[in-house]
Structure formats: structure tokens, C-alpha cells
Amino acid sequence: MIRINHILKELFRNIFRNPGTAFGALLSLTLLFLLFDIFWVAAGTSEQFYDDLLYDLQMEVFIAEDAEEISLSQTKEVLLRIEGIRSVTYVSKDVARQQLIDLVGVDLLVGYDSLNPLPRSWQLTFASEYQTRERLDAIEREINTFDDVSHVQYSRNWLEKAERTKSMILDIGMVLGLLILLTALFNSANNIRLMARARAVGFYQMRLIGAGKLFLALPFMLEGFLMSGISAAAGWGLLYYWKGKIEFTWLEIIFPAVDDIILFCLATAVLGVISGYFGIRRLLKV
Amino acid sequence: MIRINHILKELFRNIFRNPGTAFGALLSLTLLFLLFDIFWVAAGTSEQFYDDLLYDLQMEVFIAEDAEEISLSQTKEVLLRIEGIRSVTYVSKDVARQQLIDLVGVDLLVGYDSLNPLPRSWQLTFASEYQTRERLDAIEREINTFDDVSHVQYSRNWLEKAERTKSMILDIGMVLGLLILLTALFNSANNIRLMARARAVGFYQMRLIGAGKLFLALPFMLEGFLMSGISAAAGWGLLYYWKGKIEFTWLEIIFPAVDDIILFCLATAVLGVISGYFGIRRLLKV
Amino acid sequence: MSDEIIVELNNVFLKSDRGAPVFQDLNFKLVAGRSAIITGAAGSGKSMLAELLVGRRFAYQGSVELFGQVVRRSKKRTIRKVRRKIGGIGGIFDLVPSFTVAENIMFPMVLVGERKKVRKERLLNMLTEFSLLKQATERPDRLTRVERTLVQFARASVANQPLIIVDEPLAGLDQKTYERIFEYMIKISCSGRSAIFLSAETLPREIPNSDSYQLINGALV
Amino acid sequence: MSDEIIVELNNVFLKSDRGAPVFQDLNFKLVAGRSAIITGAAGSGKSMLAELLVGRRFAYQGSVELFGQVVRRSKKRTIRKVRRKIGGIGGIFDLVPSFTVAENIMFPMVLVGERKKVRKERLLNMLTEFSLLKQATERPDRLTRVERTLVQFARASVANQPLIIVDEPLAGLDQKTYERIFEYMIKISCSGRSAIFLSAETLPREIPNSDSYQLINGALV
Ligand SMILES: Nc1ncnc2c1ncn2[C@@H]1O[C@H](COP(=O)(O)OP(=O)(O)OP(=O)(O)O)[C@@H](O)[C@H]1O
Ligand SMILES: Nc1ncnc2c1ncn2[C@@H]1O[C@H](COP(=O)(O)OP(=O)(O)OP(=O)(O)O)[C@@H](O)[C@H]1O
Ligand SMILES: [Mg+2]
Ligand SMILES: [Mg+2]
Numbered sequence: 001m002i003r004i005n006h007i008l009k010e011l012f013r014n015i016f017r018n019p020g021t022a023f024g025a026l027l028s029l030t031l032l033f034l035l036f037d038i039f040w041v042a043a044g045t046s047e048q049f050y051d052d053l054l055y056d057l058q059m060e061v062f063i064a065e066d067a068e069e070i071s072l073s074q075t076k077e078v079l080l081r082i083e084g085i086r087s088v089t090y091v092s093k094d095v096a097r098q099q100l101i102d103l104v105g106v107d108l109l110v111g112y113d114s115l116n117p118l119p120r121s122w123q124l125t126f127a128s129e130y131q132t133r134e135r136l137d138a139i140e141r142e143i144n145t146f147d148d149v150s151h152v153q154y155s156r157n158w159l160e161k162a163e164r165t166k167s168m169i170l171d172i173g174m175v176l177g178l179l180i181l182l183t184a185l186f187n188s189a190n191n192i193r194l195m196a197r198a199r200a201v202g203f204y205q206m207r208l209i210g211a212g213k214l215f216l217a218l219p220f221m222l223e224g225f226l227m228s229g230i231s232a233a234a235g236w237g238l239l240y241y242w243k244g245k246i247e248f249t250w251l252e253i254i255f256p257a258v259d260d261i262i263l264f265c266l267a268t269a270v271l272g273v274i275s276g277y278f279g280i281r282r283l284l285k286v
Numbered sequence: 001m002i003r004i005n006h007i008l009k010e011l012f013r014n015i016f017r018n019p020g021t022a023f024g025a026l027l028s029l030t031l032l033f034l035l036f037d038i039f040w041v042a043a044g045t046s047e048q049f050y051d052d053l054l055y056d057l058q059m060e061v062f063i064a065e066d067a068e069e070i071s072l073s074q075t076k077e078v079l080l081r082i083e084g085i086r087s088v089t090y091v092s093k094d095v096a097r098q099q100l101i102d103l104v105g106v107d108l109l110v111g112y113d114s115l116n117p118l119p120r121s122w123q124l125t126f127a128s129e130y131q132t133r134e135r136l137d138a139i140e141r142e143i144n145t146f147d148d149v150s151h152v153q154y155s156r157n158w159l160e161k162a163e164r165t166k167s168m169i170l171d172i173g174m175v176l177g178l179l180i181l182l183t184a185l186f187n188s189a190n191n192i193r194l195m196a197r198a199r200a201v202g203f204y205q206m207r208l209i210g211a212g213k214l215f216l217a218l219p220f221m222l223e224g225f226l227m228s229g230i231s232a233a234a235g236w237g238l239l240y241y242w243k244g245k246i247e248f249t250w251l252e253i254i255f256p257a258v259d260d261i262i263l264f265c266l267a268t269a270v271l272g273v274i275s276g277y278f279g280i281r282r283l284l285k286v
Numbered sequence: 001m002s003d004e005i006i007v008e009l010n011n012v013f014l015k016s017d018r019g020a021p022v023f024q025d026l027n028f029k030l031v032a033g034r035s036a037i038i039t040g041a042a043g044s045g046k047s048m049l050a051e052l053l054v055g056r057r058f059a060y061q062g063s064v065e066l067f068g069q070v071v072r073r074s075k076k077r078t079i080r081k082v083r084r085k086i087g088g089i090g091g092i093f094d095l096v097p098s099f100t101v102a103e104n105i106m107f108p109m110v111l112v113g114e115r116k117k118v119r120k121e122r123l124l125n126m127l128t129e130f131s132l133l134k135q136a137t138e139r140p141d142r143l144t145r146v147e148r149t150l151v152q153f154a155r156a157s158v159a160n161q162p163l164i165i166v167d168e169p170l171a172g173l174d175q176k177t178y179e180r181i182f183e184y185m186i187k188i189s190c191s192g193r194s195a196i197f198l199s200a201e202t203l204p205r206e207i208p209n210s211d212s213y214q215l216i217n218g219a220l221v
Numbered sequence: 001m002s003d004e005i006i007v008e009l010n011n012v013f014l015k016s017d018r019g020a021p022v023f024q025d026l027n028f029k030l031v032a033g034r035s036a037i038i039t040g041a042a043g044s045g046k047s048m049l050a051e052l053l054v055g056r057r058f059a060y061q062g063s064v065e066l067f068g069q070v071v072r073r074s075k076k077r078t079i080r081k082v083r084r085k086i087g088g089i090g091g092i093f094d095l096v097p098s099f100t101v102a103e104n105i106m107f108p109m110v111l112v113g114e115r116k117k118v119r120k121e122r123l124l125n126m127l128t129e130f131s132l133l134k135q136a137t138e139r140p141d142r143l144t145r146v147e148r149t150l151v152q153f154a155r156a157s158v159a160n161q162p163l164i165i166v167d168e169p170l171a172g173l174d175q176k177t178y179e180r181i182f183e184y185m186i187k188i189s190c191s192g193r194s195a196i197f198l199s200a201e202t203l204p205r206e207i208p209n210s211d212s213y214q215l216i217n218g219a220l221v
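Protein chains in written order, with our numbering: chain A, 1 to 286; chain B, 1 to 286; chain C, 1 to 221; chain D, 1 to 221.
Isolated chain A, as found in the complex (with noise of 0.2 Å):
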């Protein structure tokens, strides 16, 4: 009991003698953080992103003006039977006429009843292992060799880029999430140092009467769990005012999961004892 107020007497000796020292050290925690959770909502919004225009990934299979109502029906069955493929719509001249309708906002085809010019096609929707490149060239391969079937069109370029957009931001956001933890240790460690080393003779004496390594480590331990715990959590705060003031309409920001949230905190407090340990114990040698 006595030790446990000894600790938490020492804990709030070091935070109160040395504020500059903690704030700063906060504001730096937090920022790190900061950009740390910038990165993971970047990661995790380009990923819904992504998924959700590749979930919309059609292919569209237009149909020869030739080809007859009975043979289509067939050629459908065939298609539903490739793998990978979810779902098929066809699309008449007059529903794609009703498509168009709805993008240009007027019908440019009044008084056109009998001459419908736009092609009758089916539109191919995939399962999400299918959207990537590979697999979608050979089904577009494999339905051109059909004979109802005039050409085939998809966005191929675009999923390339998405496909490469994707990994990038996820490589990026490794790279410097690591770094960014690193940095946050050997910061918050630093600080401890700091707020340490002024007492070195101190600690020198204490182990001298017999006092143990845990017992004068545990203050700054106590200090770190606390700081980076903070810090991490003010780190998310403040995104999630941001997220309350900016409205993108072109984007949905995708915040990972208040459990995860929670996670993460615990995880760099956790880290903050690590980084109070190291931060301590090159004083304590003695």
C-alpha cells in the first residue's frame, strides 16, 4: 500500500516539476499518433472505396444485332454457368433506351419508336475474388468466343489503377505506421530520460538503501502507459471532430472500429510502458 503512494507520489513529481516536458512530450505523441490514424483511415476509406466501385464492376456484353431471342437464352444459361460470375442482366433496346434516358436527362429518341439504334447487351456482375484483372481478361476471353455476342467492354484500366492505387496506400501506410510507432517509443522513451536523468543521483542513492529496479522504474513506467494512452486517444478525438466538421460527398471516410479504436489505444500504452522501461533503464544500472 505505502509503495503504491510512494509510486504514485514519484509519478506526479515527475509530471508537475517538469510540465513543459509532459505537454510537449503529449503534443508530440499526439501528433505522431495523428498522422499514424490519418494513415489508417486513408488506408481504410481507399479500401471501401475501392470495393464499393468494384462491387458496381460491370462488364457489358453486347449482343449482335443479328442474334435471335431463342439462342440468347441459351447463351445466357452459359454465361450464368461460368464461374465467378454473379449475376446477369439483360438489357433490352428499350431498357437501354430508358438508361439513357436517365443520363441525358431528356429523350433524345422521341418520334424513333421502330429504329431503336443502341445494341441489346448483358451485364455481368462478379463475385469480389473475381474483380481483378487476371481473372476478369479470361472471361472476357472466354465470351468472345461466343457467336451472339458482338463485343465485350470493361473498365480494365481503370481496375488496373485501382488495383495499383490500393496497394500503394497500404504500402505507404506500413512503411510509415511502423515508423511512426518507432517514433512515438524512442519519443515518449526520450522524454522519460529527460524527466529522468535529472534525478540519476537520486535513483543512485534509492538503490543504494535497497530499493529494486521495478519500484523506482514503475513511476516512469506508470508515466508512459499514461502519456501514450493519452495521446493516442486525443489522436482519434481529434479526427473525429474533423470527420463531424468536413463533408466529402465524393468520399465516405471509413473510421475503423470503435473496438479496434480501443485496441490501438491500449496497444500504445502498452508501448508507453515499454518505451518508460527503456527510457529508465540505463539510469538504473548502478
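There is no bait here: all hints are sound.
Mimicking DSSO-like on lysine-lysine, the simulated pairs with C-alpha atoms at most 27 Å apart in a straight line are:
hint, chain 1, residue 1, chain 2, residue 2
1, D, 187, D, 81
2, C, 85, C, 116
3, C, 76, C, 29
4, C, 134, A, 9
5, A, 9, C, 76
6, C, 176, D, 176
7, B, 9, D, 117
8, B, 285, D, 76
The hints are simulated quantities; they were obtained by calculation from the structure and are not laboratory data. Everything numeric in this text was worked out from a predicted model, so none of it was measured.
Guided by the hints, dock chains B, C and D with the ligands onto chain A, whose structure is given.
Only chains B, C and D with the ligands this time, still in chain A's reference frame:
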């Protein structure tokens, strides 16, 4: 001369005696500056992005079906005289048809020649000072009173959002920028204090023998200079490296001018000097 | 009980940080209740003996036993326990600068987890005995040298530590202050606890219950 | 020239950090070439006198003059200049822990920007005079107490500082070492430089060219 030697010797001593601290400081400053740079680039990019969009911002003035050609050229003159209108382009029924073909990819109006349902219009563009909602609304109201005009259309909501987003990014950038610079100052001051505190006894003694404050502070100020300068440069280096690797097609990333970057690095280096002084100041009060 | 051996050094060899031999085949034995006065020239190794006893330095040959336990570099727990039984004054035994006088004196009791009531009582005893009541809330940097020594005396006595090491507390004192500190040393020697007095000069008077040694050429004679 | 006044304290009043009066109407004068031996009990203010002279502390009343210049809190430049003319040994005058012995000794010359050749030569002289040649590249924490004192002597002499303050360098030494240090003190006194020797005990022998004072009740008699 000899004093400069002494100062440089002290500088190297500081760094090589505390490689961990020095490295940690460098890393955390680099990341902080990286965060700063990212927001600078984001602000520049979004500004450019919206400016580009705004440059193309058009108002479409649809002409009533029954308006006479003679009257139109008069109206066009009037339009050109309205303040803020940069250009007025007449879009005839034929041009409108061609635009539609460009948009859709096929001529939907084949065999329609006598009966083009598309309205004639003028496309207006504006001087950049006039590309705000207020001013465009005023112009729209004025034009709507004209006889020949059936209705006027411009992306009002879109402009509003663009304005809001732009100012928001600028706000966040400013707040964050200030916070980051403050933190960098704190951070490097703390690191220098960390290196210096271990030597406080020595300062006391050197002062007693007659060493001046500046003389003792200089190695640390120089260190702050180097640390901040190097990490600011490293931050930009990282960004340039990544810029080369990522390709955003939907957005052109705008970096600040090289002059500005150099100025920024120099400014942070000076900031480092200041932080070095603040880091050491209290320890010299002996 | 009185024959309990508190300190036993056997054939101890020790080198200084610069590699010079300090102790060469040093033997020493201290029985509970008795004290030792060890005199030796500057640099003869008195302070190193203190460091050896509290486990701050280790012999490269020979054995060091305190309270029946062997002190070795690897035995961290033993060292901690032994240190808690030793009260140190002067030499390497300084005060904790961030603690007040009262906190400094209480610290040995904090370490063993003494009850609050006992702590308060003993602290008061010590402050009274060493006339430090007025200075209780001061920090060491605001004390005079003599006051600091007195606080060390109080800290070394507060938990009834069975062994006290006194490293030249009389150096550079005027006659009056010298006498005052000397009285405290005699008091310890009469209290039934053991003490090791380290000094460069021979002490001016006898200390009861004590044996005198000289540290010459790395051995005690 | 020999009548030049090096130190002149007039009606100095000084309080300790805790507010107790230390100096009360202190007067003191030191002429170039002569030395002063000041004895006083523990806590009489000897070390504070040293702090006063180097501008670490300031009288709240009275005037402090060194080398004809008034030392006041506001005169940073004067203080710096005065300090460079003072060599300090013992007491508050410790070594710089991060410097080697050689760097410590040379530092006063670095401050005044002495030429490299002169520096090397004087350093060698000092190392030889105080038999520190073998220790030149060691850091202070690897020196014995006596060696540290010798380095301080060397540092206080290297730039021919006209005033040397010696704060109890003889405390806690055995007879032989005592004599050795004492010889150095006499040597300084004979060198034509001025010295102030602060000590708790009266010195065993006369020091040439010197006057003795006692610090009692905050005044010199
Ligand atoms: N750090 C301090 N804080 C407060 N008061 C102090 C401090 N140091 C000394 N004093 C007071 O100033 C007076 C003079 O102290 P000083 O150390 O100068 O004496 P001294 O003659 O050098 O003693 P010693 O022989 O112990 O070195 C003492 O009476 C003491 O009360
Ligand atoms: N920090 C050190 N680094 C290297 N050698 C040391 C150190 N301290 C002491 N020594 C060596 O160890 C020997 C014993 O030193 P110690 O300080 O124990 O002597 P002492 O008897 O306590 O002397 P003093 O009377 O000066 O306190 C000395 O001869 C010296 O050479
Ligand atoms: Mg000793
Ligand atoms: Mg003194």
C-alpha cells in the same frame, strides 16, 4: 579559431555520445515535418484541383425555342457586357448534337435531321474573381430576366461544396501546421535538454571558470539547426520519393515551389536554433 | 546471539577501474555488536571497502559475506536485502536530492513497507534525536554540510539497520562540530548495533566496543 | 604595482538561501602578491565567501570589488572577466566530468583564446608539475580524490590566474598526502600570485606572504 574548434568538438561529442537520442530526435522531427508537408501538399493540391474545376465552370443559358436569330446576337452583346463574364460561346442545335455524340459515343439522332430536339444555348465562362456563389447567383438572376432565355443552369451546389471544402482544408492545415511547428520546437528543445542535462554539472563548472552563456549554448543551437534542417529536408525527400511511386489519375498532386521548400527548411533550421537555445537556457542559469 | 557474524571478507582481491590493485588478500570479520575503526591513507581503498560491502563493487577473487549471505554480482535479491540492513553515512552515501529531509529519513522504512503509524513515530524520534525538526521539510540542497551528515545519521538509524558504515564524516570540520558528530558515533557503538568507521586520520579518542584496523598495501592489519 | 588591490569587500551583508544571516558587516582587503588564510567553523560561511568572490552569490548590502571592478548581479561581462582571473580549488570548484584531465586543465586558456602552441606548452608544464602525465587522458570520474585536487591546482595555475581560491583541500587527508598538498599551497604563495585559503582547522604551519583571519559571527577578525 580555437573556440570554433571547441564548439564543433562539443557538437560532435553531444551527437556521438547520445546516438540513440539523436536518431530518435531526427526520426520524430522528420515524421512531424512529413505530416506538415502532407498537409501543405494537400492544401496546394486541393486548391489547384478546385481552381481547375472552377476554371471550367460554365453557366448554360438555354435559349427559348422561339427566339429569333437576329435578337440572339443582340442578347449575346448584352451578355458580353455583363461584368465578370469571360467568354460567351454559342451552341447551335448542331453543335449540341455533336456534343451529345461525343458524350454518348454513338449518334443517337441518326435520321433525325429535320427534328433536332436539342435546345440552343450559350455557354458562359467567368473571370476567376467572379467564381463565387454570390456573384454567379447575381448574374444568373440578371440573365433570367432576358426575353430570349428559357432557363439558366450552373452547378450551384457543387460550387458551394467546393468552397466549403477548400476553406476547411485550409483551416485544418493552418491549425495542424501551427501545432506541428510548435511540437517540433518542443520536441527538439526537449531532445537538446536531454543531451544537455547529463552535462549540467559541467556547465556549472565551465561557467564558474568564466565561460559565457552563448559559448556554451552554441554547440546545442548548432545541433538544433542541423537536426531541424536535416529532418525538414528528409520529410520533403520522402514525399518526393513517394510522389514518384504513386500515380493519381484523378488528381494532380501539387508540390510547393522548390524555393518555398528551401525557405521552409531554412526556417525550420532557424527554429531549431531557437529550440536549441530554449533547451539549454535553463541549464545555463548557474 | 552476540557471536553472530555480520561481515566476513575472505582473501578478497579487488582492482580499481583503472586496473590498479586495491585489495590484495584482504581478510576482515565483524561480529554483531562490535564496531571496526579502519584507518588508511588517501587512496588506500576505504571508500572501495564500503562499495564492496553494499554490493556496488565485486571482488574478482575471494568471498564477501554479510549477515551470513554471500554477496555476488549475480545475486541481485541478496544484494537488495543486504543493502536494506546497512545504514550509510558519508562517502558514497548521499541524500536523494528530490526528497525532503523527512522523506529521505523515511525512505528505508518505505522500502520494507513499514506501517504508517510506526513510520511517523520513528521519524519523529529521529528528527528529535538529531535536532532536525526545523529542517524536516527542506530539501538537501538547502542544508549545510553538517545538517546533511545528520540526516544521513538519521536515515542510517531509522530502521534499526544492524550495520552502519561511516565514511569520513569528520573531514574538514572544526573542533566543536567534530565533537558533536563524534558523540553520535560513540552512541551508535554503544547501541548494540555494529559500525564500520572509515577515516584517513586516527581518531582522537577511543570508541567503545570497537577494534582498530589499518588499511595498508591492500590488506587490513 | 605590488600595492594593487585584488579583493576588497566593504560592509558586506549576505543571507543564506534559507534566510539566515551569514555575513554581517564583513570587510576584507587583499593586496596583490599576498595571501589570506581564513579559518572558520563549519557553516561559518567560508564557501559562501568563495561564491561571493566569483559572482555566484551577491551581497544584499555592501560592495564587492575584484581587480578594481565592482561585482554586481547586473554586470554579467564583469563577472565573466573576473572569473577568468580566478583559479578555484576544492569546494564549489569541481572538474568538468565530460572533459579529460588535459581538457580540464586547458579550458581556461580556451576561454581566452590562447594560441595552440602556448596551450600545449603550458599544459605540459602543468602535467609535469603536478605529476599528472599518466592521467592526462582520463576523465575525472576515474581519478582519486587527490588526483582530482591536483588537476584543480593545475587548472587554477595554467593561465597564471592572479587570484587562487582554495576551499578546504586538506579535509580528510592522511598526513603524507596532506603535506604534499600543503607544499603546493606554499608554492602558490611564494609565486607572487595571491591566494585565499579557506579551512575549518587552523593550518599546522605558516604560509609565507600571508595574513590569517578568522570568520566569526559573519565578520572577519
Ligand atoms: N545550500 C544552502 N542553502 C541554505 N543555506 C545554506 C546553504 N549552504 C550554506 N548555507 C548556510 O550558509 C552558511 C554558510 O555555509 P557555508 O557552506 O558557506 O559554510 P562553510 O564555512 O563553507 O562550511 P563548511 O565547513 O561546512 O564547508 C551556513 O550557516 C548555512 O546555514
Ligand atoms: N573512480 C575511480 N576510478 C579509478 N580508480 C579509482 C577510482 N576511485 C578510486 N580509485 C582507485 O582506488 C583506490 C582506492 O580509492 P578509494 O577512493 O577507495 O580510497 P579512499 O581510501 O577512500 O581514499 P580517500 O581518503 O581519498 O577517500 C585508489 O588508489 C584509486 O587508485
Ligand atoms: Mg574515500
Ligand atoms: Mg565549505
